[in-house]
Amino acid sequence: MKRKLSDAGDQPPVSTPKRRRTALEQSNGALNSHAPNGALPNGDASYELPPPGQGQSTPKKANGVSATPLQQSGLKTPTHKSKARGLFATPTKPKSATAATPSRVKNADRSARKKSARVLFEQDEDAAWDGSERLAEEILHGDEPDTEKAGQPLAESIEPEDAEEAPEKGAKQPKRRAGRPKGARNKRSPTPEGELPAHERYFFQNRAGPVKTSNATLNKVPLLTHEEYFEKLGQYEDPCKEEKEYLQSLHHRSFPQWAFEFDEGFNICLFGYGSKRKLMDEFAEWIYNHRLSVTTTPIIVMVNGYTPGISIRSIFATIVTAVMGDDAPSKLGAQPTEVLELLQSALKSHEEPVTVLINSIDAPPLRRAANQALLARLAATPRIRLLVTADTPNFPVMWDISLRDQLNFVFHDCTTFLPFSAEADVVEEVNTLLGRKGRRVGGKDGVGFVLKSLPENARNLYRLLLTELITLLDDGHQSDDEGEAEGGGKAGDETGIEFRLLYQKATEEFVASSEMMFRTLLKEFHDHQMITSRMDASGMEILGVPLSRDEMEGVLEDLVLG
Amino acid sequence: MDADGLNDALGLSNDKSQNLGAYIYQPPKHRKSAGERPSKRRKVSSTADKDERPDRQHFVPLLNGDENAKSVQLRYDAYQELWSKQEHKIQVSQANSWVVIVINYSPGLKNILEDVDAGVLTDVLSFVRDTSPQTCDGCIPTALVTVGSNVSSLSRLLSRLNGQLISAGEGSVVVLESGDAPNLKTTLKNIIRATVTNTDGNDGYQRFLTDRAGPRLLGYDLDLLHDYVQRKGTKKLVLALRDSEAFDPGLLTDLLSLFKSWLDRIPFTVLLGISTSVELFEGRLPRSCVALLQGKHFEVQEAGNCVDRIYETLQTDPDTNLWLGRNVTSTLFENTSDYFQSPEAFSRMVKYAYMSHFFANPLAVLLANPDSTVLAQNKFCEAIRNLPSFRMFCEDLVEEGSINQVRDMLEVDEYLIQEAPKYLDANQQRMQNMFQAVRVVHTCLQYTQSSKKTNVSDLSIRALSGELSESTIVEEMVATTKTLDSDKLDGLLLRLREIIMGPEAGAIQEDLRTLLGTCVNSGPLRSGYNINSTVTKTTVVQQRILLSKGQADLSEPAVEYTNIVDRLVALLQVHLTETLINPQDLFLHEIFLFDLRNPLKETFAPRPRFAIERALSTPFDYLLSSSDVTMTKVSAKQPATAILYQLYLDSGALVNVHDLWQAFYGVFETEEAGGCDDRVVMSLFYGALSELKAFGVIKNSRKKTDHLAKSAWMGL
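Protein chains in written order, with the UniProt record's numbering: chain A, 1 to 562; chain B, 1 to 716.
The hints are simulated quantities; they were obtained by calculation from the structure and are not laboratory data.
It cannot be assumed that every hint is accurate.
[As the list claims (entries may be wrong)] Straight-line Cα separation of at most 30 Å, DSSO-like style, residue types lysine-lysine; simulated pairs:
hint : chain 1 : residue 1 : chain 2 : residue 2
1    : B       : 236       : B       : 189
2    : A       : 220       : B       : 89
3    : B       : 637       : A       : 244
4    : B       : 89        : B       : 601
5    : B       : 85        : B       : 601
6    : A       : 348       : B       : 89
7    : B       : 260       : B       : 236
8    : B       : 703       : B       : 693
9    : A       : 348       : B       : 351
10   : A       : 220       : B       : 703
11   : A       : 244       : B       : 601
12   : A       : 220       : B       : 699
13   : A       : 232       : B       : 637
14   : B       : 232       : B       : 296
15   : B       : 236       : B       : 185
16   : B       : 351       : B       : 185
Using the sequences and the hints given, assemble the complete structure.
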């Protein structure tokens with residue numbers, strides 16, 4: 001589509017004088033990196049072929065490449081910050097541009113061969129979908145007098161034999177084609193006008209066609225590190241603090257109700273937006289303070305489902321220890337079912353109810369079907385009271401009817417609007433989301449932190465490694481252009497020092513006396529993902545550091561100074 | 001900002017408990033801010049201690065907290081009493097009906113009902129007893145039980161089967177779920193352990209493993225099971241796979257072939273619970289595996305029947321005094337059919353309805369027949385006077401001219417307290433009558449309706465909305481009753497007498513009996529309304545055919561019989577119009593009729609996705625803003641995730657993160673004129689982005705760099 005647009009912008013020099021260009025088209029033309037097609041003669045075989053290629057038959061690829069120039073102009077929109085909502089809409093072109101193009105392009109389109117070629121593209125659903133046809137027609141009607149004047153003499157002079165047909169069919173089609181980019185572009189806004197029903201909106205946003213987003217990347221925007229994230233978040237003042245507290249207090253009022261539901265044999269599941277961990281803590285405290293007598297302490301087991309590496313067995317084992325206290329056997333069994341059965345038999349002789357509170361039962365570590373089945377069996381155990389929270393929107397799909405039956409939940413909407421601060425490692429999540437996983441160690445700070453805990457020798461080795469790498473960078477990349485700043489991380493990755501060489505240096509500096517020792521030191525780095533290792537073409541091991549140049553220098557500085 | 005403040009802002013507690021997987025809760029040592037709440041609580045608990053009740057207070061005082069403790073306790077007691085009564089009924093009806101036989105029965109006539117336990121249970125039991133590998137040509141005896149959606153019925157069946165087998169000393173049932181069978185070793189180990197613990201308990205299993213002569217065997221060695229079978233003299237070891245379809249077919253094949261080879265030493269019988277169909281299940285297994293099995297197919301009926309039965313028992317039982325209204329009923333049945341709920345789940349929902357009523361309705365205390373001292377709290381009378389039904393009642397009284405009574409009820413608390421229980425009793429009686437009438441209609445329908453069966457729950461829903469008496473069902477029923485012949489009518493009368501205890505019904509039946517006695521040999525009598533006793537005359541008048549219907553000449557007994565039918569129909573009509581009232585018109589119906597759709601619906605069929613979408617797209621629905629500006633568009637006053645979500649909603653299927661960030665930043669920039677720290681906004685952006693990712697609405701896209709793919713559309 002973009003190509004066509006730029007075509008529209010480029011062709012005019014042939015048929016129309018420059019004055020007809022609008023400012024925007026000029027900018028398009030200027031930005032367009034492709035060689036202009038303008039040199040093509042009007043309406044002849046040599047011209048006929050390009051449209052199929054540019055056109056609708058392979059929209060994605062062609063546009064993916066050539067979309068750039070136009071999008072660049074679209075890119076400016078985000079700076080209109082006042083219209084935050086409209087940001088993703090590509091800008092509407094001035095009407096004059098739309099009116100001007102068809103007449104010019106039309107002339108080029110009048111030939112029988114052209115028409116026949118175009119028939120092939122006629123079945124373009126995308127165009128129909130975008131409503132461009134209608135738009136093209138509008139344009140057609142609006143422009144009729146203009147096009148007639150401009151088009152007629154030329155068409156006659158070039159292809160007299162087609163003159164009878166051309167005005168009718170030919171006149172319409174070129175408009176349609178030429179008009180389409182404009183119309184489609186207007187329509188291409190991801191935000192449809194008016195309120196669409198949900199399904200229509202889905203189809204609207206998912207219709208086939210090229211991707212219509214700008215090419216801007218986050219390279220220019222420095223991303224946050226863990227430290228900065230927490231520091232900056234601390235400075236933010238929540239405008240809804242009071243409201244959130246009020247919401248929390250509303251949930252508080254349900255505590256007696258929940259207790260009653262527990263008494264009547266129901267388990268409880270809390271859902272809704274926001275972290276419910278605090279609420280759970282408060283409920284645990286509430287239960288604790290509302291115990292039957294002062295002498296017995298109620299048994300409350302808290303489970304954080306979001307903890308990475310949590311296992312069902314460990315949950316069951318904790319409950320067993322909570323119930324049996326010192327009587328718990330030292331060996332519980334490796335299988336969760338074994339522990340569960342032990343628990344069930346222990347509970348038979350136990351009077352007091354056991355409250356189990358599970359935060360984020362739908363968190364990835366617990367999400368597996370097998371785990372849920374085991375939890376359901378726990379829930380079905382008499383005298384076990386289960387209160388779980390679920391954070392994701394589609395958590396009920398975890399449970400089929402038989403599990404639902406066992407779980408015996410009553411559900412309550414507990415929207416809290418509190419941030420998932422403990423549940424999610426925000427910076428890490430966002431980095432994975434953006435595909436920037438390389439910075440796992442937490443960049444400079446992470447490495448520095450690990451180094452602090454390592455022995456002198458290891459620090460010396462790392463210093464050595466960094467020094468060598470930086471020297472290499474200075475030597476090898478002096479001639480490199482400024483791409484360095486952007487691909488900093490990559491440069492570090494790619495530049496490496498050969499294993500043997502580093503070992504040699506290390507022995508020279510008395511860091512490591514044997515290869516064995518050297519490898520032990522390296523392994524420590526490896527475990528913390530502070531070094532990278534790869535084989536080069538000749539089979540030599542190359543060691544590198546997953547840090548950008550700046551970061552390397554920073555770490556080195558700290559090492560030398562510290 | 002100090003570390004404490006930062007942690008508070010982030011909602012992080014200072015202890016490290018948040019990073020632990022599972023731990024035993026210890027109450028925090030009370031710190032500064034927490035000091036206020038416990039003291040408040042202590043006050044409440046101390047008043048409770050003064051009463052020295054053994055159990056703690058389950059209910060909270062209502063009426064703005066002014067309800068007195070006695071009344072609160074009474075509500076709780078009333079709930080306990082009422083529910084335990086109803087639960088008992090449910091259990092009885094469940095025990096009788098979990099395998100329902102479709103015979104015409106009246107719930108009052110328990111003797112007609114066979115012990116339907118005998119249904120599938122006896123079949124399965126006799127199958128287990130009678131079959132052995134020898135009778136099955138050396139194959140594994142297999143019982144295929146299709147349960148359909150009635151999943152829970154299988155576990156009931158199995159536990160009863162287990163009980164019977166153990167008590168008869170014949171063997172036991174081991175239930176295996178697909179979760180227990182990740183691989184062959186674990187499966188075998190689980191089977192062996194479950195078999196031993198089933199009879200000997202967990203300790204028994206440990207002893208069984210250790211107290212053996214000879215080398216110690218591994219936990220999955222079937223020699224162990226062989227040993228056990230020999231020791232116990234087990235004749236039948238039933239291995240029940242509850243969800244057979246969920247087992248890995250390969251594993252199942254291995255397991256079955258293993259059983260086959262041990263069949264001469266261990267008397268296995270396999271019981272497969274199947275939710276789809278036998279054919280589908282068989283299709284998944286290799287033929288060699290199917291060839292190992294030989295067995296019989298049993299069918300357990302759908303849950304719907306049981307549910308109807310439970311509902312009928314609850315609502316129409318003569319000593320019920322709290323009913324479920326129309327909305328609740330339809331919600332209950334909706335859930336049952338839409339979510340394939342088990343009868344247990346159904347009764348739990350009913351329980352929850354009862355719970356809600358007593359927990360949240362202060363007037364429910366009236367159901368406990370309290371003495372007037374308990375009721376003598378000023379807010380209580382106020383609450384009654386605020387009832388819509390009270391207003392209606394007063395209006396009716398005014399129309400009738402009893403203005404003084406209305407004045408008394410409005411002004412004199414004592415009078416109201418004295419009168420209310422009376423009306424309550426009377427209206428409860430009318431409700432009971434109404435449900436008896438429903439049963440009458442139901443009984444008649446069983447005689448008159450030939451094709452579709454209307455069940456009690458359908459009728460109840462109509463009755464509860466006050467539409468039954470004028471409905472076509474009843475009209476048709478009356479019309480068909482007229483045409484019944486004497487045999488059927490006799491049967492119907494017999495049933496009706498159980499319900500309508502009036503002398504009139506008895507008299508009618510007496511007359512019918514004497515009439516029938518006089519003409520024993522003439523076959524069943526037909527009334528004048530019967531199609532057989534009308535004659536269509538065809539006459540040709542002026543070349544046109546005239547059809548005229550005329551009464552055929554009736555024999556004398558038939559005329560008499562027609563009279564009897566007329567009497568019965570008249571009786572029925574009077575009875576039905578009298579009793580089928582609209583419950584919403586009754587004074588104090590709020591007390592004995594629970595009809596709130598909402599706690600039930602939201603509690604058992606939640607819409608979490610809707611809740612989250614709503615919270616994010618219109619956050620002020622939840623965050624009741626203190627400032628009265630209703631903000632509809634995105635603003636920095638909203639929580640960050642909500643802002644990002646709304647921007648996300650506006651975007652296409654592919655989102656450029658950079659542009660998204662710009663837009664997000666733009667929202668903050670425009671609002672805070674003084675300029676805001678873009679790194680702070682960035683951290684908010686990070687938080688929001690990670691939350692959206694956790695919700696699964698965005699994921700990384702490989703189509704373009706720094707782009708996200710949208711994966712959920714609101715409202716779909």
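Hint check results:
1. For the hint pairing residue 236 of chain B with residue 189 of chain B, the CA-to-CA distance comes to about 19 Å; that is within 30 Å, so the pair holds.
2. Proximity of residue 220 of chain A to residue 89 of chain B is assessed by CA-CA distance (about 72 Å); at most 30 Å being required, the pair is judged violated.
3. With a C-alpha separation of about 13 Å, the suggested pair residue 637 of chain B and residue 244 of chain A falls inside the 30 Å cut-off, and the hint holds.
4. For the hint pairing residue 89 of chain B with residue 601 of chain B, the CA-to-CA distance comes to about 24 Å; that is within 30 Å, so the pair holds.
5. A distance of roughly 24 Å separates the Cα atoms of residue 85 of chain B and residue 601 of chain B; the hinted pair therefore holds under the 30 Å criterion.
6. Annotation: proposed proximity of residue 348 of chain A to residue 89 of chain B holds, straight-line Cα distance about 27 Å (limit 30 Å).
7. A distance of roughly 15 Å separates the Cα atoms of residue 260 of chain B and residue 236 of chain B; the hinted pair therefore holds under the 30 Å criterion.
8. Distance restraint check for residue 703 of chain B and residue 693 of chain B: the Cα-Cα separation of roughly 18 Å lies within the 30 Å cut-off, and the hinted pair is therefore satisfied.
9. For the proposed pair residue 348 of chain A and residue 351 of chain B, the alpha carbon gap of about 25 Å is at most 30 Å, so the pair holds.
10. Simply put, residue 220 of chain A and residue 703 of chain B have alpha-carbon atoms about 20 Å apart, close enough for the 30 Å limit, and the pair holds.
11. The hinted pair formed by residue 244 of chain A and residue 601 of chain B meets the criterion: a straight-line CA distance of about 26 Å does not exceed 30 Å.
12. At most 30 Å may separate the alpha-carbon atoms for a hinted pair to count; residue 220 of chain A and residue 699 of chain B meet this at roughly 22 Å.
13. Straight-line distance between C-alpha atoms of residue 232 of chain A and residue 637 of chain B comes to about 18 Å, which keeps the hinted pair within the 30 Å bound.
14. Between residue 232 of chain B and residue 296 of chain B, the direct Cα distance comes to roughly 27 Å. Compliance with the 30 Å bound is thereby established for this hinted pair.
15. For the proposed pair residue 236 of chain B and residue 185 of chain B, the alpha carbon gap of about 23 Å is at most 30 Å, so the pair holds.
16. With a CA separation close to 43 Å, the supplied pair residue 351 of chain B and residue 185 of chain B exceeds the 30 Å bound.
Hints 2 and 16 from the earlier list are contradicted by this structure; the remaining hints agree with it.
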